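Protein chains: 10
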Amino acid sequence: MSLINTQVQPFKTEAFHNGKFVEVSDVSMKGKWSVVIFMPAAFTFNCPTEVEDAADNYAEFQKAGAEVYIVTTDTHFSHKVWHETSPAVGKAKFPLVGDPTHQLTRAFDVHIDAEGLALRGTFVINPEGVIKTVEVHSNEIARDVKETLRKLKAAQFTAANPGQVCPAKWQEGAQTITPSLDLVGKI
Amino acid sequence: MSLINTQVQPFKTEAFHNGKFVEVSDVSMKGKWSVVIFMPAAFTFNCPTEVEDAADNYAEFQKAGAEVYIVTTDTHFSHKVWHETSPAVGKAKFPLVGDPTHQLTRAFDVHIDAEGLALRGTFVINPEGVIKTVEVHSNEIARDVKETLRKLKAAQFTAANPGQVCPAKWQEGAQTITPSLDLVGKI
Amino acid sequence: MSLINTQVQPFKTEAFHNGKFVEVSDVSMKGKWSVVIFMPAAFTFNCPTEVEDAADNYAEFQKAGAEVYIVTTDTHFSHKVWHETSPAVGKAKFPLVGDPTHQLTRAFDVHIDAEGLALRGTFVINPEGVIKTVEVHSNEIARDVKETLRKLKAAQFTAANPGQVCPAKWQEGAQTITPSLDLVGKI
Amino acid sequence: MSLINTQVQPFKTEAFHNGKFVEVSDVSMKGKWSVVIFMPAAFTFNCPTEVEDAADNYAEFQKAGAEVYIVTTDTHFSHKVWHETSPAVGKAKFPLVGDPTHQLTRAFDVHIDAEGLALRGTFVINPEGVIKTVEVHSNEIARDVKETLRKLKAAQFTAANPGQVCPAKWQEGAQTITPSLDLVGKI
Amino acid sequence: MSLINTQVQPFKTEAFHNGKFVEVSDVSMKGKWSVVIFMPAAFTFNCPTEVEDAADNYAEFQKAGAEVYIVTTDTHFSHKVWHETSPAVGKAKFPLVGDPTHQLTRAFDVHIDAEGLALRGTFVINPEGVIKTVEVHSNEIARDVKETLRKLKAAQFTAANPGQVCPAKWQEGAQTITPSLDLVGKI
Amino acid sequence: MSLINTQVQPFKTEAFHNGKFVEVSDVSMKGKWSVVIFMPAAFTFNCPTEVEDAADNYAEFQKAGAEVYIVTTDTHFSHKVWHETSPAVGKAKFPLVGDPTHQLTRAFDVHIDAEGLALRGTFVINPEGVIKTVEVHSNEIARDVKETLRKLKAAQFTAANPGQVCPAKWQEGAQTITPSLDLVGKI
Amino acid sequence: MSLINTQVQPFKTEAFHNGKFVEVSDVSMKGKWSVVIFMPAAFTFNCPTEVEDAADNYAEFQKAGAEVYIVTTDTHFSHKVWHETSPAVGKAKFPLVGDPTHQLTRAFDVHIDAEGLALRGTFVINPEGVIKTVEVHSNEIARDVKETLRKLKAAQFTAANPGQVCPAKWQEGAQTITPSLDLVGKI
Amino acid sequence: MSLINTQVQPFKTEAFHNGKFVEVSDVSMKGKWSVVIFMPAAFTFNCPTEVEDAADNYAEFQKAGAEVYIVTTDTHFSHKVWHETSPAVGKAKFPLVGDPTHQLTRAFDVHIDAEGLALRGTFVINPEGVIKTVEVHSNEIARDVKETLRKLKAAQFTAANPGQVCPAKWQEGAQTITPSLDLVGKI
Amino acid sequence: MSLINTQVQPFKTEAFHNGKFVEVSDVSMKGKWSVVIFMPAAFTFNCPTEVEDAADNYAEFQKAGAEVYIVTTDTHFSHKVWHETSPAVGKAKFPLVGDPTHQLTRAFDVHIDAEGLALRGTFVINPEGVIKTVEVHSNEIARDVKETLRKLKAAQFTAANPGQVCPAKWQEGAQTITPSLDLVGKI
Amino acid sequence: MSLINTQVQPFKTEAFHNGKFVEVSDVSMKGKWSVVIFMPAAFTFNCPTEVEDAADNYAEFQKAGAEVYIVTTDTHFSHKVWHETSPAVGKAKFPLVGDPTHQLTRAFDVHIDAEGLALRGTFVINPEGVIKTVEVHSNEIARDVKETLRKLKAAQFTAANPGQVCPAKWQEGAQTITPSLDLVGKI
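Chains as they are written, first to last, in our numbering: chain A, 1 to 187; chain B, 1001 to 1187; chain C, 2001 to 2187; chain D, 3001 to 3187; chain E, 4001 to 4187; chain F, 5001 to 5187; chain G, 6001 to 6187; chain H, 7001 to 7187; chain I, 8001 to 8187; chain J, 9001 to 9187.
What the hints contain is simulated information worked out from the structure, not anything from laboratory work.
The model shown is predicted, which means the values in this text are computed figures rather than measured ones.
Treat the hints with care, as some may be off.
Simulated restraints on C-beta separations [claimed, not checked]:
1. J:G9090 - B:Q1175: 55 to 63 Å
2. I:S8028 - G:G6031: 38 to 46 Å
3. C:P2162 - B:E1084: 52 to 60 Å
4. C:E2023 - B:E1084: 27 to 35 Å
5. D:E3172 - A:K186: 26 to 34 Å
6. B:A1160 - I:N8161: 57 to 65 Å
7. A:Q7 - C:A2107: 29 to 37 Å
8. I:K8012 - J:P9087: 47 to 55 Å
Result set (DMTMM-like, lysine to aspartate or glutamate): computed pairs, CA atoms no more than 20 Å apart in a straight line [as the list claims (entries may be wrong)]:
9. G:K6093 - G:E6060
10. G:K6063 - G:D6144
11. A:K12 - J:D9056
12. I:K8169 - J:D9056
Just a few of them, taken from the derived set where beta-carbon distance is under 8 Å, the chain H residues facing chain I [as the list claims (entries may be wrong)]:
13. A7041
14. A7042
15. F7043
16. T7073
17. D7074
18. T7075
19. F7077
20. H7083
21. T7085
22. P7100
23. T7101
24. E7115
25. G7116
The C-beta atom is built at its ideal place from N, Cα and C for all residues, glycine as well.
Take these sequences, add in the hints, and give me the full structure.
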C-alpha cells in the first residue's frame, strides 16, 4: 500500500540541532508542516550539496511554517562532527537526525538492506502527521529543493481550500480549479 | 521494500495511441527510457492539465529518447473518447494506457482501494526496465513535468557516466562530482 | 452456491442520473423492485444498443414500480461523458452506475479477471433485496429486455400470490397453477 | 467465478430417452450444441408445463442442431414413470436425465441444499462443451423456452461470425454490429 | 463406531402416508417403537416385493405398537405416484418417506455415493430413539420381514424385562435366561 | 461408509479348532464363503446358546460350502477351556477365534469401547473377501442362525446368477426377478 | 518419564474375588498398600505358578496390610472359570482383575500391542496411590514373590521412617542408614 | 511403550575400570550379557552398599558370562575418586560409567528431571542388546543383587531353551515348563 | 541476544560451603555483587588452579563486598569430596555450587551438549541480579582472576558514579571520563 | 549456544585502513589470528581510549602474528573522518571496520536493538576462523588490552601444544599442565 495519506509511524530518536542534542519523535512533528529529507550517509559526496541546498532555502520553509529534517542512518555523534567539519553541512540550522536503529528508514520504506543506508527520499507531512507527497531517487540522482518547496505550498493551499485543486505546475498565487459536475469531460 | 532499482513487473494491456489501439507491456518498454505518469481518472479536473503539461514538453522527452505513458484505471475505449472530447488531452501524442484490471496501479503501488483509482505517481524507468525515480502525490496536489524532465536527464547522465554523481538541483550541463576517498568528509 | 434467493451484498458507489452524480447502495435499493443490468464497458458496441433497449422499455418498468440500474466498471465521470456523447445512451433516464472498485461485478459474480470488465448479467431483485432471477451471457450475445420485463412481472405476481406458480412462458394476465396433492403426477 | 465460458465438468449419469435407458455424459454432449434445463422434481406442478413448452419447440432446437436435456435429481426410473403417466411430459422426445447423486446440480451451481432439488436453471453449451449463457430462476418463476431459442441462435451466429456481435433483442436474420475503432464512443 | 445403542440423529423430511403428505422427523418417531426400512429406489424391482411383504405383516407390527417407515432417496412426490401405480406398493398403509437431501441415508450409514441411492438397511428403534438392531444387505439380496418382527419382539421383551436375555432363535413366548454368577461357565 | 461391498481388512490371529490351535487370517478366508459371528465373551449367558444354534446348523453351512467363525475378544486359550467346559460350546466343530488385540472387532465396527467386548454381529462374506450382509444387535437380543443361512443362500444365488434378484423372504428354490426396462414402475 | 513416584491413573473394572464379582478402581485401592501383578493370560503355563506363589505368600502380604491384585486382559468371566478349573489359581483369595478394555495394561506401560496381552509386571503402590517400585520381565521369565515382599517392606519402612534409607539387600529388621553430611564420601 | 524386548539405544560415554579410563557404548555391550545398574550419585549413602553388594557377587556374574555396569550422572573423574576414597566402592572390578550428558538415564527412562540424577534401575540385557528385565525403585528403597542374578540366569536359560518357560521363583537347576496345548487350562 | 544487562534467570541448587550443604538461588544472590565462575568438572586439571587463584584473591573480593561462586555440573556431594581431597580446592572459602540439572550452564549459555560439562565462563553480576560482564574461554585456556577483579571494580565504580565512564585499562583510583556534548569528536 | 569453538559467520563489509578503503570478510580473516574489538560508536568518549590502548600495543599483536579489527555500526566514511579528527584514533594502524548493516554485531551477539550500536565485545579467533575467547562488557566498563594479549598467547600456546593446558593466570613462558589419569583428583 502507498504511504500517501497514511499516518507517520511512531518513532523516537536523537538529533543534532543548533549545537545541542535533542530528541525528535512523531509527537514532536505534530502541529506544523514537516519536510523529511533522507540521505545515504554523512561525510559522502552528494549529501552535503543537498544539505546546503536545503539550508539555502530554509528561510522560505520557515516562512511557510515548516520544519526541515535531514535523516541518515548515522548517529547524532557523527552528525555533530559532520556539522563541524563540512562547510556545506555547517550551514544547516535544522535538525540533523540520527537513525542508527533504522526505524525511520524502514518506516518510510527507503532502507537499502545490502548497505544499511537510506535512499534519497523526500516527504511532505501535514500538521496532523499525514504524508502528502513522496519522492524517492536512486542514490546517484540528487533532488532539487525548489520542487519540494512547490509541493509543500500546493499541499498547504489545498489543505486550506478544500474545494479547490491545483493544476499542473501550479506555483503559489496561480489559478486553481474548483471541481464541479459541469467541468466533467470539458477540460 | 522500495521500488527504486527494482524491475518493472510483467504486464500487458491496451492503449490508445495516435488514433489506434495498441498493446503496451513490460516487454515493449524495454530498449528506451520510459516516463510513466499515473492519473486518477479520465474526464476529471486536474488530469487534463497534467496531460497537457506533458504534451507541451513531449518534444523534450523525445529529444531525450524517452517515451511518455499516461495511465488511468479507465478502458482504452474511454481514452479514445477522452482524447476526442478534451481539448487538453487531444494534444497528447503519446500512449494513453488503460488499466481496468488494476495490474499497473497495484504493481507501482499507487492503487486507492476505496476508489479503484490511481494516485498521482510518476516513474522514470531505464531501458533495462529498472525504476530509477518515484514521485507520488495525494490527488489534490498536481505535479510539474519540468521536474520530471530534470530527473530523467540526471538519471541518463549518471547512467552514461558511472563514475560521477549529480549534486543538488543539477541541470543538464552543470558540474558533477566524482566520488573519491579524498573527498570523504571534505565537502 | 447459487445467488438465487440470497441477499444483495452491501455496497456503495457513485452513479450519473438525470444530470447529477448520486450515491447508489444496497440500502437505496430497498423498498422497490430493482433490475440490475451489467455491461462490459462504456463507449463500446453492443452496450449502447442494450442501454437503448432498456430506455425504450423504461416506462413499462416504471409502471411495474421497478428501477433500472446500468452498471459498468467505468467511473461515473465516464458515464456522464458517455451519456453526453452517445445518442443511444443519451436516452437513459435511469442511473448509470460506476463500479471502478469492482465490488459490484464481484458480488454478482460477473467479473472477468483477465479484462477487469463485466459479463452481460441481468438480475431481478425484490424490495427486500433478495435476488429472484439471474441471467448471464458471454459478452458477444446480447439480451432482450422484454424477457427481463416478463421475469419481473412473474416474480411480482408470485410474490403477491404466494399460493400460485406461473407455468412456462407465462405472461401477465395468463392462468397460473395452484399446487395441490391431487395435481401430483397428474399434469 | 462465473460459469460463463468455462468447460462443463466431467459427469456420467442415466437418462430415459425414447423408451430406453441411456448413459449421458460430458463426453456424449461434445460435437453439437446442448440446452440443459434443470427442474425441481418429477411429478410436480410447473415442471410438466416447462417440459411441454420445450417439447413443443423441440423441432426448432433440432433444426438448429441442438439437443435438449431435462434434468432433475430423481432417478431415471422415476423419469420413465413420469413419461408414462404425465400427458405433458409424455410429449418429450429428448433425454430426461436423472441426477440422484447431485453431481450435475452441484456442477451447474443450481443445487438447493435444504431440499436436495434443483433450481430452474437453463444453460446453452457449445459443441466444445463451453457454457455460453446461464439463466436461473427462483422456483416459483417459470421460464419461456422461446427466449432460450433466441439465445441459442445468437450464440450460434456469433460463433460462426467471430467478427460480429448481436445487438440487443437480436433475432435470427436481424442486423449485427462489427466492432471497429471508429465506432468507439459513436453508438 | 457402531450405530447400535446410539441415538437417531436429528432429521426432518416429507412422506406420503394414507393419501396425505406428512412431515416425519426424529421427534415424531419418539414414544413408540419404529422399524425403518431403506430401499434403493421407487419403481424398481425388488423394492415393491419388500414393501408388499411389510404391508402383509403390518397388522403384526401394529399389534406390537410399532410404526413402519419405508425410505428411499426419491421425493414424496414420486412416492405418491409409486403408491398409485404399483399394485404391491399400493397396499402400504405406513409412511413412504422421501429422502432427496440424503440426510437419512447418510445418518444410518446406508448411502451409496456412486449411485445416490440407499442400501437395503433395516433398523429397529426403541421409543427413546435408540437403535437396537441393524441389518444391511447388498442390494441384490432381499430381506425377510418375519425376522425383523422377531428382532422387534426380542428387543421389546428385553426392554420390558431388564434382568433377562433372549437365547438364540428366541420367539415370543419362549424361555429366556436370567444371567447370574452361578451360570458363568456353566451353559 | 457402510461395510457392505467392501473388502475384509487384513488381519491375523489364533483360533481353537477341532482340538488344535490354528492361525486364521483374511488370506485363509479367501476361496470359500465365510460366516463371521461375533459374540460378547466366552463363559457368558447367551453366547453358548448362539454357538449351539450355529453348531446345530453347521451341516447346512458346510453343504453350502461355507465356513463359520465364532469370534470374541478372549484368547484362544480361553476358547479351548470354553470348548471343554461348556456342553453347548463343546458341540462346535468350526473355529473359535480369539481377538485379544481387538483388530477384528474394530475392523468390523462391532467394538464396545467401554467394555472391550464385541456386539452381536454377523457377516456373510464371499470367496473374494467382500462383505455382502451385515447384521448387528444390541447384546441382549440374540440372533436366529436360520436367517443367516437364508441370507447366505440368497447371496450365493445372486452371485451365481448375476442377471437376477431375490424378492422379499426368498428361500432357496423360490422364484426370482430378472430386472428389465418393462418392469420399471410395473411391480 | 518413569512411573516411579507418579500417581496411579484413574480406572474402573470388574474382578472375581472370593466367589463374587466386584468392582476394582483407583479409588478402591486408596488407604492401604497394594501389590499389582500383571500376567499374560488366563489358562496359560507360567501364570498359574505365579498366582500360586502369590497365594502361598498371601498371609505375609496381609500381615503387612497390603492387598494383592492379579491382572490379565481376560474378562472376569474367564477369571471365575480359571479359579474353578485350575488347582493352582483356585488357591487365590485375592481379586483376579479383568482388563478387557486394556486400560490397566496401558496405564502401567505393560501392554504388548501385537498380542493384546500383558507383560509380567509387578508394582508396589503406597496408600496414597503412588507407585514406589516397578519390575517388568519379558514373558518367558517368571518372578519370585519373596522379592516383591522384600520391596514392599522396604517401601513401608522408609515411608514410616523418612530420615532413613535401606541399604542393599535389606531385610525387615536389618540396620538402615541415616544420611548426613559426615557420611558423604565415607561409605 | 515398555522397554522390554526393545534394543538398547545408541550411546557412547567414559567409564573408570580397573584403573583406566575406557569408552563404553551400545556396541561394546554386544556379544555378552550385560547387567546395567543405575544409582543416584557418587559419594552418597545407599549407593556404596549397592556397589559393594554387586562387587561381592561379581564372581557369580562373571561365571554366568555377564558384565556389570554401574552408572551415575557423575563424570568418570568423580568415579575414579569415588573408587579411591570409598572402601565399599573400591571393591568394584567392573566399569563405573559416567553419564554427565544424561543420555543413558534418559534412554533407560530413569532420569529425575528435578534433580539431574538417576532412579535405582536395574536392567538385564542379552548379547543382542535387547532388554529382558526392568526393575526400578524409588531412591529410598535399595535392591538385592541376588534377585538380579536369579533374573539373569532365568533369562539365559530361556534364551538357551526356547521351548521352555521358568515357573515362579525358579532357581538355576529347578524344573521348567514346556508349554503345550494339553497344558492349557490344566495348571 | 547478549546476556549483558539482562536479569539472571531463576534457579535453585545445592552448594558445599564452609563445611555445610547450603541452598543457592537467584534470590540469595540479590543484595550484593556476585562473581560466578564456571569450570568444566571437579577433580580435573586446570580447575583446581583456577579455584586456588580465586581463593588467593578472595580477601580482595570480600573487601569489594562481592561473593564468589564456583559452578560445575557435578553434585554438591562431589564438591564436598573435592574440597576434602584437593589441596588447591581445599583453600576455597566460597560456595562450590553443584549443577547436575544443567539449569545454570544453560541459563548462562556455557553448556557443552556433547560433554554435559561447562565452558570456562566468568560473570560479574550486580546487586540487582543484572549481568554486567561476560567472559568465556575454550576450556584449554585458563583465566586470570586479577582481570575479573578489575572488571568488578570498574562495574562498581560506574554503578556508583552514573555520570562517568572508565577509560581503557582503568584501575581503581585512575581518572574517568564524564561524557558531554563538547567531547564528541574531540578525544 | 555459546559462540566458543564455532566458526565465524560469513560477512563482507568496508573498512578504513592506512588511508584506504578496503574490503574485510570472513575469508580475508583466514590464515592468521584475529582480534575483533567492537565499540559503541565513533566520536564518543571511551572508544578513542580503547582504540589508543590497542594502538599502543599493536606491535605486540603483530609480533604474535595477529591482526586487530575495530568495529562500530558507523560507515567507513565516518571512520575516515574519525581517524582524521581524533588524535587517539589517529594512532590506529589496523582496520577500522564499518558495520552499518549490523551483520557483524548480530553475528557476534553484541547488538543493542534499542540503540543500533554495539556492546564492548572482544573476540580472539584462530587462523581457521574459530572463536576461542569471548569477552563482553556493559558499555560503561572499558577493557584492558593487555588481558586480550594474554588470552591470545594462551590460545596460541595450547593450539601449538595440544597435549598441554595453561593453568590460571598463565603468562607466556610459565609452566603448563599435561593432563593424565594420575593427576585426576590430585591437584
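Discussion item. Under the constraints set out in the numbered hints, which ones does this structure not fulfil?
Written reply: 1, 5, 11 and 20
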